[in-house]
Every structure is written in structure tokens, then in C-alpha cells.
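*Asks:* Sequence:
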Amino acid sequence: FNDPNGNFDGNLNYDFENTVFYQNILTEGNPDFKDPSENQLIIGQESAVEGLGNLSAAALVPLDILGVSRVSTPDLGAYQSIIFED
1012 FNDPNGNFDG NLNYDFENTV FYQNILTEGN PDFKDPSENQ LIIGQESAVE
1062 GLGNLSAAAL VPLDILGVSR VSTPDLGAYQ SIIFED
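The numbering of the sequence shown is the numbering used here, which starts it at 1012 and goes up by one.
Simulated from the structure, these hints should not be mistaken for laboratory data.
All residues carry an ideal CB built from backbone N, CA and C; glycine is no exception.
Be aware that one or more of the hints could be misleading.
[Unchecked claim] Restraint ranges, calculated between C-beta atoms of paired labels, are given here:
| id | residue 1 | residue 2 | range |
| --- | --- | --- | --- |
| 1 | ASN1018 | SER1083 | 21 to 29 Å |
| 2 | ILE1093 | GLU1028 | 32 to 40 Å |
| 3 | SER1067 | ASN1041 | 22 to 30 Å |
| 4 | ASP1097 | ASP1026 | 37 to 45 Å |
| 5 | ASN1029 | PRO1073 | 43 to 51 Å |
| 6 | GLY1021 | LEU1074 | 15 to 23 Å |
Turn these sequences into a full structure, and let the hints guide you.
*Replies:* Here's what the structure looks like:
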């Protein structure tokens, strides 16, 4: 996050260096988004977050944002991974 004008100085929502707020984030690895430039953030099967979801949380929210089941092997995020069609 780059804030060259300091517009967010002192705003805790943008203090990404503070490990109290951001302890378990993934900053490395391929997200394998379908087409991020077109805001298609569905993840593919090569995503670094595939299978990293919490089973207990998935039981409480059993469907992803598109209605796909996430109860057996949940992925992190709003979408379950899919196979991208060429």
C-alpha cells in the first residue's frame, strides 16, 4: 500500500505494518485470479489459498458467493476454486 500524500496516516485500517491487526495474512504465492483487470477474482485450482479455509467456518457459511459448496475442502476468500475454461 503506497500513500505518498499521507492521506491515511494515523488510520489504523491502513496500518499494514502493525502485526496486531494483520497476523495471519498471505502476501506471497499466486492468487490465480481469473482476470483481476476485469474484477473477476474467482480463484483457479493453482491458487495459493486453495484448501486453506477453516472447516468450522465453512460449516457456518457452507456456500461461496456464487452458491458453490465449500463444506468439504474450503478455500480462503469469497470464492471456491474452479477449473478455468480456455
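*Asks:* All hints, please: hold or fail.
*Replies:* How the hints compare with the structure:
A hinted range of 21 to 29 Å for the beta carbons of ASN1018 and SER1083 is inconsistent with their spacing of about 43 Å. Judged by the Cβ atoms, the range 32 to 40 Å given for ILE1093 and GLU1028 holds: they are separated by roughly 34 Å. About 26 Å separates the C-beta atoms of SER1067 and ASN1041, a value consistent with the hinted range of 22 to 30 Å. Range check, ASP1097 to ASP1026: about 42 Å between beta-carbon atoms, so the 37 to 45 Å window is met.
Distance hint check: the CB atoms of ASN1029 and PRO1073 are about 33 Å apart, inconsistent with the given range 43 to 51 Å. For the pair GLY1021 and LEU1074, the supplied restraint of 15 to 23 Å is violated, since their beta-carbon distance comes to about 38 Å.
When each numbered hint is compared with the structure, violations occur for hints 1, 5 and 6.
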